[in-house]
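**Student:** Need the complex rebuilt from these two chains, each delivered in its own frame; the hints are there to steer you.
Letter by letter, the chains look like this.
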Amino acid sequence: MNNDTVLAITNLNRYFGGLKAVSNFNMVINKHELVGLIGPNGAGKTTVFNLITGMYSPTSGSIKFLGEEISNLKPHQIAQQGVTRTFQNIRLFSSLSVLDNVRIAYHYKIDYGIAHAIFHSRKFSSAEKLIKEKSLEVLELFGLASRAEEIAKNLPYGEQRRLEIARALVSKPQLLLLDEPAAGMNPSEIKNLMELIHFIRDRFNLTILLIEHQMRVVMGICERVVVMDFGEVISQGRPEEIQSDPKVIEAYLGKTTTEWRE
Amino acid sequence: MIEKSYIKNQTTKIKVILFIIIFYAVLQVLMSTQIINNYWQQIICFAGVMTISALGLNLIYGFTGQFSLGHAAFFGIGAYTSAFIIKTAHFNNTFLLIIGLIAGGIFAGVIAFLIGLPILRLRSDYLGIATLGFGIIMKVIFDNADAVFPVLGGSRGMVGIPQMTNFAWVYLLVFFTVIILRNLINSAPGRALISVREDEIASESVGVNTTKYKTLGFVIGSIFAGVAGGLYAHLYAFLHPQNFDFLKSIDVLLIVVLGGMASISGTIIAAVVWVLILEGLRVVLPEAILDWRLVIYPLLLILIMIFRPGGIFSGKEFKFLHYQEKK
Chain A
0 MNNDTVLAIT NLNRYFGGLK AVSNFNMVIN KHELVGLIGP NGAGKTTVFN LITGMYSPTS
60 GSIKFLGEEI SNLKPHQIAQ QGVTRTFQNI RLFSSLSVLD NVRIAYHYKI DYGIAHAIFH
120 SRKFSSAEKL IKEKSLEVLE LFGLASRAEE IAKNLPYGEQ RRLEIARALV SKPQLLLLDE
180 PAAGMNPSEI KNLMELIHFI RDRFNLTILL IEHQMRVVMG ICERVVVMDF GEVISQGRPE
240 EIQSDPKVIE AYLGKTTTEW RE
Chain C
0 MIEKSYIKNQ TTKIKVILFI IIFYAVLQVL MSTQIINNYW QQIICFAGVM TISALGLNLI
60 YGFTGQFSLG HAAFFGIGAY TSAFIIKTAH FNNTFLLIIG LIAGGIFAGV IAFLIGLPIL
120 RLRSDYLGIA TLGFGIIMKV IFDNADAVFP VLGGSRGMVG IPQMTNFAWV YLLVFFTVII
180 LRNLINSAPG RALISVREDE IASESVGVNT TKYKTLGFVI GSIFAGVAGG LYAHLYAFLH
240 PQNFDFLKSI DVLLIVVLGG MASISGTIIA AVVWVLILEG LRVVLPEAIL DWRLVIYPLL
300 LILIMIFRPG GIFSGKEFKF LHYQEKK
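Line order of the protein sequences matches chains A and C. So the first sequence is residues 0 to 261, counted in numbering that gives the first Met the number 0. So the second sequence is residues 0 to 326, counted in numbering that gives the first Met the number 0.
This is chain C alone, in the form it adopts within the complex (with noise of 0.2 Å):
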């Protein structure tokens, strides 16, 4: 029995491991045969953005519990601090693209960590309002970012970032994402966390350190939200502190409960679902209607909100996000 179940596991994983590489593949040759365009190349590298970023979020909210309202404010200090370096060094390859990558990562997560010492202590609602505070100190911070770093632009936005994020990079990093996620919460550390989630007094009391994996949670997501910030920037090649207002950390929430909490699937499918329906209907509709996607949107969210409460997954996964015990 054991021997079969094993080798139904190694079988399932080859499948998963052949479906992911045949899926970039077909996709790799429609792009690179330009039938899909450089417009909608763009479309979906930025839905990886997304996926990897809400994927932060729903580590925070979703699975440790924590309801933020900042995280477009540590996606944002990716953002720059990747562009930054990549700007300053005045050239470009691969190499230092991971190098922004992962120090954009970083940084987020260091001041996750700084502010997340003194707001993690408090609830839900409260703790909601002080990352939206630390969300427009961000923001002003980006806007009069140029006084002390000119290069970073300021209010007047930054340009002239080098374009170095292809659906290569996403892909890679969406994939690493996910396995990272769904190894952890199926882990001892990861098991505390959603204690946290579920009763804090009760995981205190069977000796969980309640303080450390919530602020483990929050750097976690916030370094996922770093490095997608980091793709953002090499993506657009141009960054404004418009794009990393508390507005934006809303477009995450939402992506977060649409897809359901704690269901990685789930925040797959809303991130690329948004996305592509936001830009879907931009082709979609005829001209004269055009605006009508912002209605049509948020109706849309009204309507799963009525039909599925939970969201689209709502805690379910993909079979092959399930994890295997060993028996």
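One chain only, chain A, in its complex shape (with noise of 0.2 Å):
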């Protein structure tokens, strides 16, 4: 492992009963990275997702992030070293406002203590102004400042995708793990979508990792694609590469005619 690994899974297993939702699961990530995770449906991408940012603990197995186990903490705990997601059906705290979305993921950052909170004193208040010009610069660049006040789940469904995400980028994490970002939009949504996940990798010098269905996503922005079928990682490559690997072939469309006969 080089200094550059953020993410470094090794041996992950995780059952449910007997089920192996994932298994043998080897994945590293390179720092700037952008990775796509893909696979057909059932093929275990979102346990990984959950394995990662702690919602599920692995059967057996390792997740180092930044070269420390994380694979034993809870979820907030690892939001707090610096991995956050988005959620495949958007969860949006929908009836706050935009602007207590983004403050709540920045919340931690600066701890104030209950007294301070009762009492507003003068530490309450400049960690107050603190907490609201982060989140409205991160809003600013999302293009919502304008709906600062607005409640969440009154805003289309578009923005509610780009609110998910200023939110998990607030509290500046590491790498970010988005989860069907592109999951019913259109194609010029999509083409939009894609020019923002680039731009916020440069602009916040993250790592992601997103899981995706939509090929053209997949195919137009990800470096490495990693390719899981029955929980296990079955073919990893550059987008190109993949594309032709038999096995992905066989993975998504089924084995050949031919084969079926011998």
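No lab work stands behind these hints, which were simulated from the structure alone. Ideal Cβ placement from N, Cα and C applies to all residues, glycine included. Treat the hints with care, since some could be wrong.
Reference listing, derived: stretches of chain C covered by chain A, where coverage requires no fewer than 3 residues with Cβ under 8 Å from a Cβ of chain A [unchecked claim]:
#1 173-183
#2 246-258
Ranges of calculated distance between the beta carbons of each label pair, as one might list FRET restraints [claimed, not checked]:
#3 GLY309/C to LYS73/A: 30 to 38 Å
#4 ASN10/A to VAL147/C: 55 to 63 Å
#5 SER145/A to ILE13/C: 32 to 40 Å
#6 LEU135/A to GLY309/C: 28 to 36 Å
#7 ILE303/C to ASN10/A: 57 to 65 Å
#8 THR87/C to SER61/A: 53 to 61 Å
#9 GLY41/A to SER154/C: 53 to 61 Å
#10 PHE118/A to LEU293/C: 37 to 45 Å
#11 LYS122/A to ASP290/C: 53 to 61 Å
#12 ASP110/A to ILE135/C: 31 to 39 Å
Keeping only pairs whose Cα atoms sit at most 20 Å apart, straight-line, the calculated EDC-like set for lysine to aspartate or glutamate is [unchecked claim]:
#13 LYS211/C to GLU199/C
#14 LYS315/C to GLU149/A
#15 LYS133/A to ASP201/A
#16 LYS211/C to ASP228/A
#17 LYS128/A to ASP110/A
#18 LYS171/A to ASP3/A
#19 LYS318/C to GLU231/A
#20 LYS73/A to ASP198/C
#21 LYS152/A to GLU197/C
#22 LYS315/C to GLU132/A
#23 LYS108/A to GLU136/A
#24 LYS171/A to GLU149/A
#25 LYS246/A to GLU231/A
#26 LYS152/A to ASP198/C
#27 LYS73/A to GLU316/C
#28 LYS315/C to GLU148/A
#29 LYS73/A to ASP110/A
#30 LYS247/C to GLU199/C
#31 LYS19/A to GLU32/A
#32 LYS171/A to ASP99/A
#33 LYS86/C to ASP145/C
#34 LYS108/A to GLU132/A
#35 LYS171/A to GLU32/A
#36 LYS63/A to ASP3/A
#37 LYS211/C to ASP198/C
#38 LYS19/A to ASP228/A
#39 LYS318/C to GLU179/A
#40 LYS152/A to GLU199/C
**Tutor:** If you want it as structure tokens, here you go:
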């Protein structure tokens, strides 16, 4: 493992009863990489996300983030270490304002304690001012600053997706996990999204791992693709290599008829 | 612009403070001159006590989203603790009342912390059942407390508690509870509490320690209940386990839902209206149909839920409770 390794997963297993959702999974992600995780439905992609972010604990195996074991940590601890995520079906704090959605994600950076909160001390005021500034700064980048006071659930779908990414980024994480960011988007929204992902990677100096079903996105922005099927990695490499890998084609389309006859 | 809005904020603040003082003064004068007689004074104080307790439950249920059916138990813990301390001290003055109330609040908070750690990992209905179980256990403990501390009276009730709660104390403590709650929910820890209600998984994923904040909300809400219980003990000078069973928890829940979840104003209005209607109907209704008040009031509940399902205030606040963010 060299210094550039952000995430190193070795021999990761997760069983649900007899089902091997993730088995013998290995993956290394280097700094500033943009990696795609693809595979047919039920391949275990989201389970891998849930394992990395601590939503599930692994049956066995190790997950190292910046050289430190995180597989035994709680989700909020992992988030505080600098791994944040978005969800397949958007999970916003839907009845809160756009600003509050982002502010909540920044709260642990400034811990002024309950007493300061209750008495609204000077320390409280300056900390709150900082939280608001930082949050508005991020909203500005995502073109949501003018929407700051609106209730999150009233935003159009595309903006909800962007808000979720903004919320994941306000605490300046190092690794961002995007679970199907392009789901439900039309072609022009997808184009914007791809530009946005490139932009945030450079702006926030991020490493990104994303799950996506839209091949246009995966092939368009990922530098490296990892293909999963039945909980295992079956192939990985540059997008163009993956496209012609017979194992990948088999996973998606099934065996060819000639092989079937044999 | 900034200066203008600042001055405007300051004038609203002064107006609000003036209103609070004048409102108190008017009521106090009416009480001292016996225009509001002792009977109604006690009811008004009880409305204040219920307000404090219900604000506590609103923090737990309305803001943090943790369904609790054991609120009356914490109210009872506060009541018995404070009554026990002051009755065994054999002297009473204002200073002792403060100690009693603080002790009641703290003890309720400690119990909430201990019981919260294991049960707060449960969600919604399951948590409701678990807190209900806790409430029943506490009722049994109150019923049999005289086996250990004869002074608590057990199922015969605890008598001879010094009557020390007056309108000034209740008013002051309602005021503090409202301010503390308002300041808390408009802060980073407060927003973390609300995020737990909104989506627990999402809040974990952005670094909110949900276990910690659920416990925090539960403990602070229970402290409010404990303090309210202490005031209650020294208001009526008599405690009976029946007053802290789970039906009383449902009364508090009713106030929170009627007033509007996560609305401080709603809880205040609902608590006062609820107490005054129950007692008011007793006065207004002719003797012959007096028992019908227990039909009229549930009917009101049904009507309110049909026409205002979000509660009277449904998440909104009086203007003066709006927190003005510094520009």
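**Student:** Are the hints correct? Go through all of them and say.
**Tutor:** Structure-based check of all given hints:
Counting residues of the region 173-183 of chain C whose CB falls under 8 Å from any CB of chain A gives 3; the rule of at least 3 is met. Evaluation of the coverage hint for the region 246-258 of chain C: breached, as 0 residues show C-beta separations to chain A shorter than 8 Å, against a requirement of three. Judged by the Cβ atoms, the range 30 to 38 Å given for GLY309/C and LYS73/A holds: they are separated by roughly 34 Å. A beta carbon spacing of about 57 Å between ASN10/A and VAL147/C agrees with the range 55 to 63 Å that was offered as a hint.
The hint said 32 to 40 Å for the Cβ distance between SER145/A and ILE13/C, and at roughly 33 Å that hint holds. For LEU135/A paired with GLY309/C, a C-beta distance near 30 Å keeps the hint of 28 to 36 Å intact. Evaluation of the 57 to 65 Å hint for ILE303/C and ASN10/A yields a pass: the beta carbon distance comes to about 59 Å. As the Cβ distance of THR87/C to SER61/A is approximately 59 Å, the hint placing it in 53 to 61 Å holds.
Between GLY41/A and SER154/C the beta carbons are some 59 Å apart, a value that agrees with the proposed interval 53 to 61 Å. The hinted window of 37 to 45 Å between PHE118/A and LEU293/C holds, with their beta carbons roughly 43 Å apart. Checked against the hint of 53 to 61 Å, the pair LYS122/A and ASP290/C passes, with Cβ atoms roughly 57 Å apart. Distance hint check for ASP110/A and ILE135/C: the Cβ-Cβ separation is about 38 Å, which falls inside the suggested range of 31 to 39 Å.
With a C-alpha separation of about 12 Å, the suggested pair LYS211/C and GLU199/C falls inside the 20 Å cut-off, and the hint holds. Between LYS315/C and GLU149/A, the direct Cα distance comes to roughly 15 Å. Compliance with the 20 Å bound is thereby established for this hinted pair. For the proposed pair LYS133/A and ASP201/A, the alpha carbon gap of about 18 Å is at most 20 Å, so the pair holds. For the proposed pair LYS211/C and ASP228/A, the alpha carbon gap of about 38 Å is over 20 Å, so the pair is violated.
Taking the CA atoms of LYS128/A and ASP110/A, the gap is near 14 Å; set against the 20 Å cutoff, the hint holds. Restraint check: the Cα-Cα separation between LYS171/A and ASP3/A comes to about 18 Å, which is no more than 20 Å; the hinted pair holds. Simply put, LYS318/C and GLU231/A have alpha-carbon atoms about 58 Å apart, too far for the 20 Å limit, and the pair is violated. Proximity of LYS73/A to ASP198/C is assessed by CA-CA distance (about 16 Å); at most 20 Å being required, the pair is judged to hold.
For the proposed pair LYS152/A and GLU197/C, the alpha carbon gap of about 12 Å is at most 20 Å, so the pair holds. Pair hint LYS315/C plus GLU132/A does not hold up; C-alpha atoms about 26 Å apart against a cutoff of 20 Å. Of the pairs offered as hints, the one joining LYS108/A and GLU136/A holds, with about 16 Å between alpha carbons and a cut-off of 20 Å not exceeded. Among the hinted pairs, LYS171/A with GLU149/A is inconsistent with the structure: their alpha-carbon atoms are about 24 Å apart, more than 20 Å.
Distance restraint check for LYS246/A and GLU231/A: the Cα-Cα separation of roughly 12 Å lies within the 20 Å cut-off, and the hinted pair is therefore satisfied. This hinted pair checks out: LYS152/A and ASP198/C have alpha carbons roughly 13 Å apart, not beyond 20 Å. Distance restraint check for LYS73/A and GLU316/C: the Cα-Cα separation of roughly 36 Å exceeds the 20 Å cut-off, and the hinted pair is therefore not satisfied. Annotation: proposed proximity of LYS315/C to GLU148/A holds, straight-line Cα distance about 15 Å (limit 20 Å).
The hinted pair formed by LYS73/A and ASP110/A meets the criterion: a straight-line CA distance of about 19 Å does not exceed 20 Å. A hinted pair counts as satisfied when its Cα atoms are at most 20 Å apart, and LYS247/C with GLU199/C does not qualify at roughly 29 Å. Between LYS19/A and GLU32/A the alpha-carbon distance is near 28 Å, which puts this suggested pair outside the 20 Å criterion. For the hint linking LYS171/A to ASP99/A, the alpha-carbon distance of about 17 Å falls within 20 Å, and the restraint holds.
For the given pair, LYS86/C sits about 14 Å from ASP145/C by alpha-carbon distance, which is consistent with the 20 Å threshold. Taking the CA atoms of LYS108/A and GLU132/A, the gap is about 13 Å. The hint holds against a cut of 20 Å. As the CA atoms of LYS171/A and GLU32/A are separated by approximately 16 Å, the hinted pair is consistent with the 20 Å bound. Taken as a hint, the LYS63/A and ASP3/A pair is honoured in the structure, with Cα atoms around 13 Å apart against an allowance of 20 Å.
A C-alpha spacing of about 15 Å is found between LYS211/C and ASP198/C, which places the hinted pair at or below 20 Å, so the restraint holds. This hinted pair checks out: LYS19/A and ASP228/A have alpha carbons roughly 11 Å apart, not beyond 20 Å. Taking the CA atoms of LYS318/C and GLU179/A, the gap is near 42 Å; set against the 20 Å cutoff, the hint is violated. Restraint check: the Cα-Cα separation between LYS152/A and GLU199/C comes to about 17 Å, which is no more than 20 Å; the hinted pair holds.
Hint compliance for this structure: hints 2, 16, 19, 22, 24, 27, 30, 31, 39 are broken, all remaining hints hold.
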